[in-house]
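**Student:** Residue numbers (the working numbering), protein chains in the order written: chain A, 4 to 423; chain B, 4 to 423.
There's no promise every hint is true.
The list treats identical chains as one, so a pair stands whether inside a single copy or across any two.
Straight-line Cα separation of at most 25 Å, SDA-like style, residue types lysine to any residue; simulated pairs [stated by the list, open to error]:
| id | residue 1 | residue 2 |
| --- | --- | --- |
| 1 | Lys376 | Ala308 |
| 2 | Lys376 | Ser173 |
| 3 | Lys215 | Thr279 |
| 4 | Lys376 | Gln108 |
| 5 | Lys208 | Val262 |
| 6 | Lys196 | Glu14 |
| 7 | Lys189 | Lys354 |
| 8 | Lys189 | Val20 |
| 9 | Lys196 | Glu403 |
| 10 | Lys283 | Gly240 |
| 11 | Lys208 | Asp77 |
| 12 | Lys215 | Glu143 |
| 13 | Lys354 | Asp327 |
| 14 | Lys196 | Thr273 |
| 15 | Lys208 | Met113 |
It is worth saying that the hints were derived from the structure and are not from the lab.
Protein chains: 2
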Amino acid sequence: MRIELINTGSELLLGRVLNTHQQWICRQLADLGYEVNRQTCLADDGGQIQAAVRESLSRADLVITTGGLGPTSDDLTRNWIAQLLNRELFLDQETLAQIEQYFAQRHRTMPATAQVQAWIPAGARVLRNANGTAPGLAIEVRPNPFRGDGLPSWLILLPGPPRELRPMFSESVLPLLARELPPPEKLFSLTLKTTGLGESLVEEKIAGPLQKLVEAGLELGYCARIGEVEVRLAARGGGAESMVHLAEDLVRQLLGPLVYGVGDESLESTLVRILTERGKTIALAESCTGGMIAHRLTNMPGASAVLKCGLVTYSNESKRNFLDVTAAALNEHGAVSEMVARQMAQGARRKCRADYALSVTGIAGPGGGSESKPVGTVYVGLADDRGTAVEPHFNPFDRETFKWVTSQQALDLLRRALRA
Amino acid sequence: MRIELINTGSELLLGRVLNTHQQWICRQLADLGYEVNRQTCLADDGGQIQAAVRESLSRADLVITTGGLGPTSDDLTRNWIAQLLNRELFLDQETLAQIEQYFAQRHRTMPATAQVQAWIPAGARVLRNANGTAPGLAIEVRPNPFRGDGLPSWLILLPGPPRELRPMFSESVLPLLARELPPPEKLFSLTLKTTGLGESLVEEKIAGPLQKLVEAGLELGYCARIGEVEVRLAARGGGAESMVHLAEDLVRQLLGPLVYGVGDESLESTLVRILTERGKTIALAESCTGGMIAHRLTNMPGASAVLKCGLVTYSNESKRNFLDVTAAALNEHGAVSEMVARQMAQGARRKCRADYALSVTGIAGPGGGSESKPVGTVYVGLADDRGTAVEPHFNPFDRETFKWVTSQQALDLLRRALRA
């Protein structure tokens, strides 16, 4: 099966907006065993869009477009496609009623221009938009005049805003595909999230032992960024699920505590879940991560039940005032030291009366490094009822990467402690 | 002039990686007056890449590809292109020496596979890679056998990793384009960053007064996300710069303090710059933004000189302990109240001995709302030597959007105070 994706919008080719549709749609489809073969991005230009859709319909079984379905004067994809397919547009009363209802529920007057969104090419199925006014459209191009073999193709038109497109895709497009274009072979996939080792070392540990399963059809993939490596396990056809679970068991055995979660889990979601389950609380004392750890934890709903307090103690003065770090520790060891990380974690735990406290002190750069403590030097500490542990790390990266990697190391220090 | 961009990499079509090249390259080109007409994304497949490059060379004056230049077995773009253009590959000694030097400087042994990157199609210019081993390539396709009119096209091959591609683009590609393919008309553009009003209200204020300039050739564009609207002013040809500055003056006059910066400035970069210039310090007391304000400020190099301390006081207990918020205020007004925001700002300023203190207290959701204080209710406070100001806002969004918008409102409260 061949699938092509066409993203339209002049703002995309002017570089004003990041195209997040490509990754999101491709990932949704890949997880079900579909493969996208080509993605194209075009400006809001009728001739170019018609030419590209014609081209794609000549090759692909499924063509998905995004954008150009709204009410404004540059939203003309609906009309261009109707013209290309030689279909009349007609006013769909049910869609019109839904658009009217959308405005009525929000106590807003419906602008006259909104009506245009209820004009539908003949034979198109309407994909309801629960989060906006422009419906999606699904058109079976049968017979397909653009394809040498005359085989039919499906053409699906989706609105541009992600918060409209995404639910519509999950609720309407995927069921339609399951009925009309089921994947050639059902795919079962599972992603294990790991932290603590780089991609090549993860590969070194698992590729050999998994070789037999790979020869038997297991698909093994890696996706890495600094501080995190995903291991993707997939298989097709009958027995796919048991093969993937066999591989999962093997990877978990080989990587042990390096695996922290599956699928969309993150270190922060894992921690908030575990701490909530156990009724435990946490405090944070951040210096060089500057609040990023608190920010990550509080992105998780329910964080307020576990995070008692976070202190971003950039200055020595604030380390002393809020965390009781001693002048002796600061003078003798320096703010970036094992001793200060230790006192920060202990101070945060005591002053916030939390079960656990994480601390971070280091040199994010670009300034502030020295010969003995170069930019990238960092200490990560954890205090709990069993004592205090401090780990040294060296993260010689740009400032934002430094903060990200260090926050991973700190969150992971707590995660490993929670396993014990 | 027609420009096409081809991004290659199977990971892009599997949805594992976000394609950031498109936006970055398009924006660089747009800022100089070039227009990208089409962008395509393809898997690492020789036949498909050759077909797409041939297609693009049949239409475009400039074709840029990204990816597939590295040393591993799926990096074959160099070979596929040489084959398509019917050019021999030869070993370029200078490039080989640079690759060897790259490893030597890092005290690493050069793997045998790295040599493949020094094989260059005949007639190609080498674009040096200062941050990796795979050089870029620039090929003048002259005569161009794929184009009906036989006109030459430029084909530029760039490596995939952003930290290699971006400097190479700025240092080698742009100068090459300036010489070989200067933009049809020079563009002068300027982006004004605003916060505090939505896109349609910004447009309402400026579109009318700018109408005459638009008729005279000014290009006026908007790019909006919640909490921020960019106004882009551009003009072409002689007098472009003075026309844009005329428009800039008009917009600044019409929008007044809503404009906070130009170009790549952010609220946090603006604040760190101003506070540094004035030798002033800041403290933060965040509840529902959960450290995001501290995180944003500390992403800026030099933040350590202005941020004395940030307190993420999620719990009432921590508001009392660290910020001296009174039990009376919490009991009578509730944690999310004008009074508590006021006491938080005052407490943070006093306890951190900072010149300014920002405070935030609100309900991020999804839980925690009530009839009188629904999810989205938030108070933002600022304490300085002139007193304390508190602003109520209502941000009924999902959790991450809520945090972002609220952090914008808090940072902007301080920015406006610094203007006075």
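**Student:** Can you tell me if Lys215 and Glu143 fall within 25 Å by alpha carbon in one copy, between copies, both or neither?
**Tutor:** neither (42 Å within a copy, 47 Å between copies)
**Student:** When no copy is named, should Lys215 and Thr279 be tagged within, between, both, or neither for a Cα gap of at most 25 Å?
**Tutor:** neither (40 Å within a copy, 60 Å between copies)
**Student:** Please work out whether the CA atoms of Lys196 and Thr273 approach to 25 Å or closer within one copy, between two copies, in both situations, or in neither?
**Tutor:** Close inside one copy (11 Å), not across copies (37 Å); limit 25 Å.
**Student:** Is it within, between, both, or neither for Lys283 and Gly240, if the alpha carbons may be no more than 25 Å apart?
**Tutor:** Classified as neither; 43 Å inside a copy, 65 Å across copies.
**Student:** For Lys376 and Ser173, with the copy left unspecified, which applies at a CA distance of at most 25 Å: within, between, both, or neither?
**Tutor:** Answer is neither: 51 Å inside a copy and 33 Å across each miss the 25 Å cutoff.
**Student:** First find the shortest C-alpha distance between Lys376 and Gln108 inside one copy, then the shortest across copies, and answer within, between, both or neither for a cut-off of 25 Å.
**Tutor:** Between. Shortest inter-copy distance 21 Å satisfies the 25 Å Cα cut-off; intra-copy 61 Å does not.
**Student:** 25 Å Cα cut-off: does Lys208 pair with Met113 within a copy, between copies, both or neither?
**Tutor:** between (60 Å within a copy, 22 Å between copies)
**Student:** Is the C-alpha distance from Lys196 to Glu14 at most 25 Å within one copy, between copies, in both cases, or in neither?
**Tutor:** The answer is between: 17 Å across copies meets 25 Å, while 34 Å in one copy does not.
**Student:** How would you classify Lys196 and Glu403 at a CA-CA limit of 25 Å: within, between, both, or neither?
**Tutor:** both (21 Å within a copy, 22 Å between copies)
**Student:** Give the relationship of Lys376 and Ala308 under a CA distance limit of 25 Å: within one copy only, between copies only, both, or neither.
**Tutor:** Classified as between; 19 Å across copies, 37 Å inside a copy.
**Student:** Are the CA atoms of Lys354 and Asp327 at most 25 Å apart within a copy, between copies, both, or neither?
**Tutor:** both (9 Å within a copy, 14 Å between copies)
**Student:** Which holds for Lys208 with Asp77 at a C-alpha limit of 25 Å: within a copy, between copies, both or neither?
**Tutor:** between (53 Å within a copy, 22 Å between copies)
Violated hints for the displayed structure, listed by number in ascending order: 2, 3, 7, 10 and 12.
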